[in-house]
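Could you slot chain B onto chain A? The hints should help.
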Amino acid sequence: MSLVVTAGWYMTLAAVLFALGALGILIRRNALVMFMCIELMLNAVNLTFVAAGRALGNLDGQLAVFFVLVVAAAEVVVGLAIIVAIFRRRQSASVDELSELAG
Amino acid sequence: MVELVVFVLMGGGALAGGVTVIKARNPVYSAMGLLGTLFAIAVLYVMQLAHFVAAVQVIVYAGAVLTLFLFVIMMVGVDKEEDVSETIPHQRRLALALGLIAIGIVVSLVARGRFAWVPVATTAADPQATNGTVQALAEPMFTDWVLAFEATALLLTIAAAGTIALASFRRPVADTAAERTGI
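Chains A and B are the protein sequences, given in the same order. Just so we're aligned, residue 0 is where the first sequence starts under numbering that gives the first Met the number 0, counting upward by one. Just so we're aligned, residue 0 is where the second sequence starts under numbering that gives the first Met the number 0, counting upward by one.
Extracted from the complex, chain A is given alone in its bound form (with noise of 0.2 Å):
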């Protein structure tokens, strides 16, 4: 019996990466490791759009990835000096440590 890897496989790879960046979300507390799960979790859904689109003979999902990194990139510029405004101020990365908003 001869496996071909159908798109199937490249998606539930996919899921499974992002169950672990959501797993990674909720159970760590530094503001930095959440971050990397985030990308983690982008990763995987591009991971899902270029297999979709080869199954779909669709160039489509490539761009969609294409524009998916550049706003990862945005987002992770901007995040991280957001950490960095925090530490500077309170020196320390942990998101325990920033609830005065929550009264």
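Calculated from the structure, these hints are not laboratory results. Relax, there's no trap hidden among the hints.
Among the chain B residues that face chain A by a calculated CB cut under 10 Å, a handful are:
#1 10
#2 23
#3 136
#4 158
#5 162
Sample of chain B residues at the chain A side, in silico, Cβ under 7 Å:
#6 3
#7 6
#8 20
#9 26
#10 33
#11 47
#12 52
#13 64
#14 72
#15 91
#16 102
#17 144
#18 154
Ideal placement from N, C-alpha and C gives every residue a C-beta, glycine not left out.
Showing chain B alone in chain A's frame:
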């Protein structure tokens, strides 16, 4: 057959990297795990003939974004232990259970249904149908997707301006003086 071997190797690498990201105590190790995942996914892109996307993935993600991450990790300090006290009771255990259930559902769906509910996912795609060369991607990008292209250009400009505004923020002099005297 080649694709199967590459998929198993790189898929395993991507998953191992993902687990490293969420498990490692030291953020530097998390960043290294993310690097492994990003490279493995880039290889999977190449397997699916998404050449341009793979190149951008390595240059932008593994190159620029991860360097930025490491830079900020070094600046914020890696020597501090993460606070493991829980503000919400049993948060970690519940989250772990939730995550494992989600992964279990995905795996069991694959093991039983073999994607019968997604018709397009069951067929082996024509490998040459979507050859993502620069030329093939450039044509739709500057015709059908030109609005999205311009929007991302605007987004990048706004992000750069916002970052500069954040970085050049200075506390008012009176404020710092009051803090120094402890009022």
